[in-house]
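Chains as they are written, first to last, in the numbering used here: chain A, 1 to 227; chain B, 1 to 227; chain C, 1 to 227; chain D, 1 to 227; chain E, 1 to 227.
Be aware that a few hints might be false.
Repeated chains share a single entry, so a pair holds when one copy, or any two copies, can fit it.
[To be verified] Here are the simulated lysine-lysine pairs, BS3-like style, with alpha carbons at most 25 Å apart:
1. K127 x K206
2. K130 x K206
3. K66 x K82
4. K25 x K130
5. K66 x K206
Don't read these hints as lab results, they were simulated from the structure.
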Amino acid sequence: MSEIVELNVGGVHYTTTFETLLQEKSSLLHELFSSKNGLVKDSKGRYFLDRDGVLFRYILDFLRDKQLNLPEGFREKQRLQKEAEYYKLSGILDCIRGERESRPPGCITIGYRGSFQFGKDGLADVKFRKLSRILVCGRVAQCREVFGDTLNESRDPDHGGPDRYTSRFFLKHCFIEQAFDMLHEQGFRLAGSCGSGTAGSAAEPKPGVDAEENRWNHYNEFVFIRD
Amino acid sequence: MSEIVELNVGGVHYTTTFETLLQEKSSLLHELFSSKNGLVKDSKGRYFLDRDGVLFRYILDFLRDKQLNLPEGFREKQRLQKEAEYYKLSGILDCIRGERESRPPGCITIGYRGSFQFGKDGLADVKFRKLSRILVCGRVAQCREVFGDTLNESRDPDHGGPDRYTSRFFLKHCFIEQAFDMLHEQGFRLAGSCGSGTAGSAAEPKPGVDAEENRWNHYNEFVFIRD
Amino acid sequence: MSEIVELNVGGVHYTTTFETLLQEKSSLLHELFSSKNGLVKDSKGRYFLDRDGVLFRYILDFLRDKQLNLPEGFREKQRLQKEAEYYKLSGILDCIRGERESRPPGCITIGYRGSFQFGKDGLADVKFRKLSRILVCGRVAQCREVFGDTLNESRDPDHGGPDRYTSRFFLKHCFIEQAFDMLHEQGFRLAGSCGSGTAGSAAEPKPGVDAEENRWNHYNEFVFIRD
Amino acid sequence: MSEIVELNVGGVHYTTTFETLLQEKSSLLHELFSSKNGLVKDSKGRYFLDRDGVLFRYILDFLRDKQLNLPEGFREKQRLQKEAEYYKLSGILDCIRGERESRPPGCITIGYRGSFQFGKDGLADVKFRKLSRILVCGRVAQCREVFGDTLNESRDPDHGGPDRYTSRFFLKHCFIEQAFDMLHEQGFRLAGSCGSGTAGSAAEPKPGVDAEENRWNHYNEFVFIRD
Amino acid sequence: MSEIVELNVGGVHYTTTFETLLQEKSSLLHELFSSKNGLVKDSKGRYFLDRDGVLFRYILDFLRDKQLNLPEGFREKQRLQKEAEYYKLSGILDCIRGERESRPPGCITIGYRGSFQFGKDGLADVKFRKLSRILVCGRVAQCREVFGDTLNESRDPDHGGPDRYTSRFFLKHCFIEQAFDMLHEQGFRLAGSCGSGTAGSAAEPKPGVDAEENRWNHYNEFVFIRD
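Using the sequences and the hints, build the whole thing.
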């Protein structure tokens, strides 16, 4: 079992082992604690680091588990990055950068033109929601990341780069709640929604179009944002 | 009364008893503190654990009460799970997993086609809200979990698995606020809502349909999400 | 002046007096600290309690002021209840229970059919909002709690129990902002809102109905939720 | 330079000077620390106060700067008030009360009837938003506090007290974003919004009314709440 | 390596070096710690400062890195400003002021008149969203800051100062999600949204206007606010 080390990081006291502090070969901590050159001790004999004491909790955690495991909604990511740079902990920097790249902030809009099923009179006493298509608008790469195989790209004429914005994607299924769930799983939250009905006209509905269904047409639009 | 133990968990100090630490037979804490082999003490004589000091609060709590009782909106569940794995506390892991399974994240949409009661002219000076049916859309299992006996599934033709999405459920009653309360009790929050009116037409209303009631028809849709 | 006591509650240190600890005759603290039987001390001579150290802050506060005074938005109520049960502090349990009973979670919907005043042409250049009635829907007891004397129940035909849901209450006044303020004061927050216009018709407006006012008719609905 | 004092407030340790503690002549702290009668010391020689240790941070801050300067979104105002009452610090009580009076909670609704400018065909390819008037509804005093000189009260017939609710105020300008900014500056947040279009009619538009502009008429309503 | 200093700031203990404390020539800390005149020590020999102990964390951080790096959503900015004034740290004051000036609070509204593409019957089975123009309303300077080169100002007749409000800006592209992303990147959040449809009319659609496209016309408006 490795020797216990008492640390004073900017006034906050931590206890750990030399083994933990030496985990990362290329880090400043390895450099300092392998030779012990340049290290000073406080009046109680604790090794002293002139850095923020609170964030060192996650530095130590990373050295113990080789994983960066931050609280949900952690609000000091930028500050932690600065500390990791100071300590030359490339593993932490990679994690923070990797997360930012794989889950970039952005916005996806989901819309549908809907109505209700009125068709067979007398029979269908409950009129259920009827969606035509679920439209997906946003950055191409982000739409693909969220919807994967359920995305239909066949009607998007510009086969350009993934940073392009499109409003010509739609889903292969008609379950809006499944689309919501997939967005939610990828860290998007519903930030706003609007609905609108349609205008009536003096003209007769086209043949084959149910007058009631026509009357209930509406467009609902849902804006999802990932921070 | 059991003997007092002073602990130094990564620099945070706890005081408890051996009795508490030995509660879980298969845990690492039982293994360590029953034999005391492999345990080291810090310079003040406290037993030392090279782990996160803050999360140990809930580990200790669990050992005292045999229950996992986390703060409302606790944001370090994933980190706590990691600690429980390290300490081999299957009781905590079961709680975290069990909660995730019984209350999975997801989305349920509630919609209604509504109008106002105009019928008896001269008499009813107040026109109250009139709902046709409360429609329920979402994953089958989740809709059942929330609405139980108040759910009418009779018009859903696909009697498939509970992971299927449906938009053909509705409620046996017409009190939208009761539906909201039931969703709220199960941890869903209202994330967005949209309303739309209907289109007018040049045609006369069908016999038996009140013109005013027709004119006020609208569809309101409410999206509930559980994180 | 009472004697000072140093406490070690699960590793967190508190200082108080015997007088404070003996305030509640039927509590475990009174039992322990009046006889001092069964109490142990830590290595620094502090009395030791093998319980959560953080929540003890509110336990002590209650003993000092005989009032439970928690932070706004306190997120450990369930955990505090557990501690109060352990310490047999019925005063705290009564407070937590009482608050839950007098302010149960729930949902109230406020709706209004509105338009604008167009009547006297040439004169009224500003067209103000015109509400017919403010409709109130929700659990009977909760509607009464919030709106008290301003609630008109005369058109609710089912004079049933207070747990019933109703959609036939309305307010005696027409100031929607006053309704919002009353809901807000009782801890409800606006969780969602939807608006819809009305459908036009080929028919002439009824005699006495202003065509413009008719055209601007809309229904706005506001969902308030208390957690 | 004044003498240093070490304090133990309910177990939390503070260091300050006698000069700071004696700042407020009529306070309990002045009474206690000028005579030192009735003061006791803990085992380390720190002066002991049997009160909440965490909130004392703001008590001390106030004594140093003669100002109450709380964190944004501070959630223990009620608890701090209780402490200030105990310490007889009328300056703090005045601040808390003053803030509550000058910024009472409440609700203001902003609405506008809008359309788009279509007039000069061929020329104006972009159709901009066209607002008629920005309507302001809420408690008279609160509307005045927020909108000051930009408020037009000329059409409000009831020149009653400031606690009255009105729906007959409007703004002297037509920039809805300016209204939003003024509400935001006074601590109101946008809690909900609804939109609705208008109904069509078989009748011809009145002379001078643009048919397109007529068709796009809508009413948008924004509810702002201050906690 | 510089000499270690132990500090007691209002009861919170920090450890740092003289080198760090002397970084800012014109600060009170430089004045105090270069001469050590007027400095007092507590009973443990730590240098004592009679100021808030918690906020000193960020003061020290700034001295170490010459950068102000606050947690995301930091809620004590006003309190930190007060401390920086006391310590005469103009670097921190400049940062706080600079941020407030470059990112002032405010409101921008984004609106669009939309419909769906119906044109080529038989071919286009999916009807995609069709936007006319994305309208931008708000303070001129703020709109420019957010949208930069993508903003079209050509139709704004008042070439006044940047503090003016305008509702005559629009974007050079038609991707609403790109507009949302740009607002989001600049710290605006979506605070509310409303939609409305259009009124029908008895008149025939103008030549060249698709009847279906006409019927689905709607106006959606999104309010973004930066705190």
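A quick look at each hint next to the structure:
no.: 1; hint: K127 x K206; result: both (21 Å within a copy, 17 Å between copies)
no.: 2; hint: K130 x K206; result: both (19 Å within a copy, 22 Å between copies)
no.: 3; hint: K66 x K82; result: both (19 Å within a copy, 12 Å between copies)
no.: 4; hint: K25 x K130; result: neither (61 Å within a copy, 57 Å between copies)
no.: 5; hint: K66 x K206; result: neither (66 Å within a copy, 68 Å between copies)
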